[in-house]
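Trainee: Chain by chain, the residues:
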Amino acid sequence: MREIVTNGLFWLLALGALVGAGTVALTRDVMRMALGLGVMLLALAGFFAYYGFGFLALAEVFVYVGGVLILVLFAIMLVHRTTAGRPELESRSRIAPIVAAAGLSALLAFMLQPAAALLEPTGVAGGPAALSRLLLGPMLLAFEAAGALLLIALVVIVAVGGGEAE
Amino acid sequence: MSLVLVSCAIFGLGLYGTLVRRDIIGILASIEVMLGGPQLLLVGLGASIDHSAGSALNAQGIALVIIVVAAAEAAVGLALVVAVARRTRSTRLDDLTEVKG
Amino acid sequence: MSALVAAPWVVVVVPVILAVLIGALGKYAKAAVPWIAMVGPVAVLVLAVASLLAIPDGAGSTQPWTSALASHGSMTWFAVGETVIALGWAVDTLTALMLLVVGTVALMVMVFSLGYMAGDPGWVRYYALLSLFTGSMTLLVVGSSFATLFLGWELVGACSYLLIGFWYEKPSAVAAAVKAFLTTRLGDVGLLVGLGVLWKATGTLEYADVMARLGSLPASTIMTVALLLAVGAIGKSAQFPLHIWLPDAMEGPTPVSALIHAATMVAAGVFLIARAWPIFEAAPGARTLLLAVGVISALGGAVIAVAQNDIKKMLAYSTISQLGLMFAALGVGAWEIAFLHLVAHAAFKGLLFLAAGSVIHSSGTQDLREMGGLRREMPVTFVVWLVGVASLAGVPPLAGFFSKDAVLDAVWLSNPAVSLTLFAMTLLTGFYAVRSTKLAFFSTRRGDGHAHESTPAMLTTLVVLAVPAAALGLAGPWVTERLGGHPEALSLSVSAVAVALAVLGGVAAWALETGEGEATVQHRLGPVWTPASGGFGFDALVRGAVVTPVSAACRMLWAIVDRFVIDGAVEGSALVARWLGGAVSRLQNGDGQRYATVVALAVMLMLAATAFVGR
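Quick mapping for you: the protein sequence lines, in order, are chains A, B and C. Each step along the first sequence adds one to the number in my numbering, with nothing skipped, and position 67 is 67. Each step along the second sequence adds one to the number in my numbering, with nothing skipped, and position 39 is 1039. Each step along the third sequence adds one to the number in my numbering, with nothing skipped, and position 74 is 2074.
FYI, nobody ran anything at the bench for these hints, they're computed from the structure. It is possible that part of the hints are untrue.
To be verified - Facing chain B, a subset of chain A residues (Cβ under 7 Å, in silico):
#1 A49
#2 F53
#3 I157
Just so it is clear, CB atoms sit at the ideal spot from N, CA and C, and this is done for glycine as well.
Please build the complete structure, drawing on both the sequences and the hints.
Mentor: This is the structure we're talking about:
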């Protein structure tokens, strides 16, 4: 019973992620694309929780969905005045991108097979306490760098987009 | 194995989108999708490998950093898009041919 | 003098250097050019005499690998692995005698040309080439290995080409030069292959070493080498079937014909065989070839000489005939006698050519039919001409008599049937000798020019050459002895028959030829005349059998291979490059996503490579 639930959950989440990703890649409608992105991000969050990283899931929802997705929506709203939601038909060939994308992902899947043997969700993971110990311990440098990166990004955004419109 | 497949599929879809979409915002969104694939795999592996507390959490930390980086990148990119679009009044890639200005 | 003997390579190098100097600077000192050039032959003569004196009297052998060497030495040219090709010299009696011939004739020719070539615009080039020839011929003779011989061989061939085509504005001269070069080249190929086989078999080309190792070679190898060397000699000495170049070579100046095509270069073939005699001694088949070729050339040459109106062409065919005699002597194994005849022939044929040159220069024509009665206007020339012609015909006690009859003797003793052809040749020789004399010097003038005697310089040389032409016979036994042979008294019966035949031929010619109208040999011989005088159509045969197919093949090669294949490949590659460039440039269209696609594809391929191939 537990097996079925676990598996079903996995595949449900997988479905959501894939559908969302596919929408982002394929749809012409911008709003639909944003929606797809949101679905995928939520599915990812679900996966994080599924694997027992609760804090991570939450962080992802807050930052990605709540932050990035909103940003995307804002950008869409600010920008799509004239050609709103109607990217035109392209006449160029899509064979190469299809081959590249499919090939590369298939190849990666093939090459990552050894990793698959290691996968065995246990449902046991650390919580915020352990995470914070990690971030302030071995990963301190990365943590600080990430903070610095955010600061720089902030500055850049203000410089690029802020100020007068002309 | 299914996790590997799923995360690779997500990655592939994101890659395809990056290569094919004509609007900048779409491309940026596809990039976010691409980032999501390995993130998923990383987390999944992190949950499986070596149940001692230390190493299991590395995955978490890395995933967190990925989130941060992705967020920063998306923010900057979108700011640029907005700035450019205000000038050229279009988000189609073909119209963004001028580098200057 | 002894210094020269010790370092004969000086005598090779000096004329060559002088040739270069004359060629480069001669135009500033035209009068001095001949005297500078004459240093070469003089040095050769000095070397020859000094060497003959230096060889111990009792030592008669001519093989430098036994005893009688005046000098020898060497320096390394290049080494291939363990075999070393050295440039060495070895002067023995054979060499010294040959050098005597070369030096004398070359000197006489240079002096003669002072008068003959005076006023010719190519004066400087002429003497430069003569000097170069002297050095090359010396190299051929003086070397101690087949390699040096071959080097000299090729060089004299080149000089011959340049000198035959001396008056290069005349297309016939150029054609003759090319013909000579190509025909002798054919022989040279045989020589080269023969030397190659020899080298492979013995590992060396030095005479001494080759002869020492000869005993250990299988008979078939020796036979092969001998045959191939014979081919080379046949080409160079204008024997049948490679004789066609010599009559055409008469396009060159007459002194050149005297030097190269009578006395020295054409004798190189005989010299080669004499030098390599141990090889031929062990190869009876090759000797048979030489005999056959010699006899055919002797008789054929004489027949055609009878039917010539051009004085130089007659002498050319006569040369072929006399060389045939030498080859016949070689064929029966009497190489010392062959060499003796070579020396005598150099004297009287050189004399005859120069005398002919004197006649041509004075009367302005080469055609015997236009001459006549010259004995009154050119007495000295007439006398020396008589000496030369008598020597040629074998009239005793002149040099030609001794050497020619020695040959006849030798051939008669070993192969009586074959020698009959040589007797026939003797008759014909007497015939054409007298006929030409009568036409040129007796009877009444038919042409419209007026003749005068030649300059003292030219006459002096004629007289100088007349001496050995007349008297060399006396030195015959001495020469034979020096060469390691055994001088035998001439068989009286053979000699008597030979002389009688010659006289008979002469009388017949005198009676049949008057030079006027129908009382000429040409008319009397009727239908035989034309084919005979044209060399029995051999030239046409060669042209049809060899020249035309080869030219056609070359043209086909040009049309197909050169135009389609090679040009096609070149232009085709350009087309491919252009197409490829066009195709690839379409990738570079400024589309960022396209670039990204390509990157993704590339990454995929690289990963695939590491995954599947890298293991």
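Trainee: Does the nearest C-beta of chain B fall within a distance shorter than 7 Å of the C-beta of A/I157?
Mentor: holds (4 Å)
Trainee: Holds or violated: is there a CB of chain B closer than 7 Å to the CB of A/F53?
Mentor: This interface hint holds because 5 Å falls under the 7 Å limit.
Trainee: Please verify that hint: A/A49, Cβ, nearest Cβ of chain B, below 7 Å or not.
Mentor: violated (10 Å)
In summary, the structure is inconsistent with hint 1 from the numbered list given earlier, while agreeing with all the others.
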